[in-house]
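Chemist: Sequences listed follow chains A and B, in order.
Just so we're aligned: 298 in this note's numbering is position 199 of the first sequence, and the numbers increase by one with no gaps anywhere.
Just so we're aligned: 606 in this note's numbering is position 52 of the second sequence, and the numbers increase by one with no gaps anywhere.
I should point out that these hints are in silico values taken from the structure, not numbers from a laboratory.
Being a predicted model, the structure only gives us computed values, none of them experimental.
Careful, some of the hints might be misleading.
Claimed, not checked - Facing chain A, from chain B, some residues (calculated, C-beta under 8 Å):
#1 ASN569
#2 GLN574
#3 ASP596
#4 GLY600
#5 PHE714
#6 CYS769
#7 LYS786
Every residue gets a Cβ at the ideal spot worked out from N, C-alpha and C, and that includes glycine.
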Amino acid sequence: MMKDTLPAEFFVDVDHRRCVRCKRCIQNCGFSVYSFADGIVPDHSKCVACHRCVTYCPQQAIRIEHRPLAFRQNANWSTQHILDIWRQSLAPGMLLTGMGNDLPYPILWDHLLIDACQVTNPSIDPLREPMELRTYLGKKPDLVSILKKPEGGFLLKEALPPQIRLEVPFILSAMSYGSISLNAQKAMAMTAQELGIVMNCGEGGLHKDLYPYGQNIVVQVASGRFGVHREYLNAGVGTEIKIGQGAKPGIGGHLPGEKVSLEVSQTRMIPMGTDALSPAPHHDIYSIEDLRLLIYALKEATDYKPVSVKIAAVHNVAAISSGIVRAGADILHIDGFRGGTGAAPSIIRNHVGIPIELALAAVDDRLRQEGIRNQVSLVAAGGIRSSADAAKAIALGADAVALGTAALIPFGCNVCQRCHTGNCSWGIATQKPELVRRLDPEVGAERLTNLLSSWALEIKEVLGALGINALESLRGNRERLRGIGLDSQTLEILGVKPAGR
Amino acid sequence: MLRIDAGGLHYRELNHLIRQAVAEGESEIVLDQVNGQRYIGDGLQGNVTIRIKGTPGQDLAAFMDGPTIRVEGNAQDAVANTMNLGKVIISGQAGDVLGYAMRGGKLYVAKDAGYRIGIHMKSYRSQVPVIIIGGKVGDFLGEYMAGGVLMVLGMTEEEFPPRPLAGDYLGVGMHGGAIYLRGTIDPDQIGKEISPAEMSEEDHRLLRKELAEFCQDMGWDLEKVLEVPFLKLVPISHRPYGGHYSY
């Protein structure tokens, strides 16, 4: 007899001495792990280790454990390889997954160290001295000429190109309504408003409830053009053309019909229950010249609000970026291979693209060499896990960083990577009303605001240690970084010296 | 009526003048000497008719939401890109990628059009986009089409060697809406996601209604257009790629 089920990855251990049979675990599990038969009975095979039940069990009677699959040790055939083959032999199709690449590729953030002042130049105490984190995204002029006002002060002779103002250097990454819930989007919009930053609404249109947050929203235009119309384009402070995504460079997106609820369908402006297919390319963009066409079509439609172009970090990212800047983009958003997704084939997520650290350094270098770095703001994304990663990204050349996964973790996410199932027990990556209502937008916003204000404090602390009082002085300042445990070629690409030099 | 001499004007100036006139309530604008200016009617809203004499540039009527544009001449690529509502009537030929992701309104072209016409067109509630091409079209007609109506009439002069109504990969990835071809097409040219369907009474009513409007705008004889039977092509599934994934 051949096997027809996959072994469970986790063990759900219910301590029946502590369990009071309140059945809260049954209600809370989005993956239907629990049933009741004279006691709580878990189906281990359904558990994804999202820890909703663990969090809400009043008796702390539940423990999730890795199920030790004692296959014979094999450095070549990992357990994952074996399980994947079984899965595809039982149910054919591309393996789907959620969130970012989880394979043990090098994480270069962890090989970069930040400098600090000692003796010869004083550090600054951010507790008592002002620290400037404010960031403006948009084209900067090659030079400015100023007029002296007779009453004192100065005036710019020519108006600056339009800018998007961020009080702290964070953007909440594009996660569409459909891939995540409306409550998750609302929590992000409230956070953006509270902190004076922007959220990107993703490619699924903008729900009417989010229009009031327009001053803190960038709207996205992707190949499916879902929910894209005149009001939408003008609803935010800028637009973004999504060419690619770090988790799935070069491929499109398929939002399955089950997730196209009434409100998702209204927001995307498509019939309910149909698959929302985003083609792999924009079919009106086959060249840099075509990209320029769409950039300026958006500018014309929005009275010249800034246009961002988002691409995935791929091998030739520097040359592509140069083309994008020359096509007229005001913001270049690069998403590294660790970037998250609501759903992507594992083969693409795990094997396509390059790390954001290298892409960012290469792009910043290239744009400087060509003398066009001022024409665009760089947003780095794809695996920013902490304020340290953010500070290092800025030192490598980013103007700001975009946060996807990091912005969802405050809502309860513990990176179980099952976003594509639509069963998210935390009400984040789901459209099921009974799950969505678990995420209170106000509470979510409070938590996310807490996180990002903490990161802002930490970045100020780093600036103080570096003896600088504005983020602008850290931007592209790779002299304040050193590499550790990196080969000379990687150091050369990153443009940093090895520690000790 | 407002006449604007577009000769030598940059598109930004020209479109600014148009928007300003529409904001001031102008309902009829004639543009003379148009020569490649892009984005005419881009994101434009309102009850206005714009007559274009010359050749407008790319992305004509992109994101447009209501106005009517009449082109007395040929048009370039990406006409009616993501158009929401309105009407574009082109008395000559038009280029590639017409009506990409168009969600409503009508796009009429009297003569031939290029590749990738009506890609990812979609309908939404009462909005049903309609594209009618009087001539023939290239490859990838209605690729990824998600809704709306696409018609190709092929009523251009005889060519030698004769060219089919549409190119290859017709309707690949199509998952909504309907394509009507005046005449027939080699089955090898049709994408595997679509198949011919029986013409119903409702289809005949729809054809007559839409073509009557087209013929009126173009000054064509409706009965002559309806002389030849139409082939209807519809998607086999609304979810063509549902089975491609293993969870």
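Chemist: Could you tell me which of the numbered hints above are not met by this structure, giving the numbers in increasing order?
Modeler: Violated hints (numbers, rising): 2, 4, 5, 6 and 7; every other hint is consistent with the structure.
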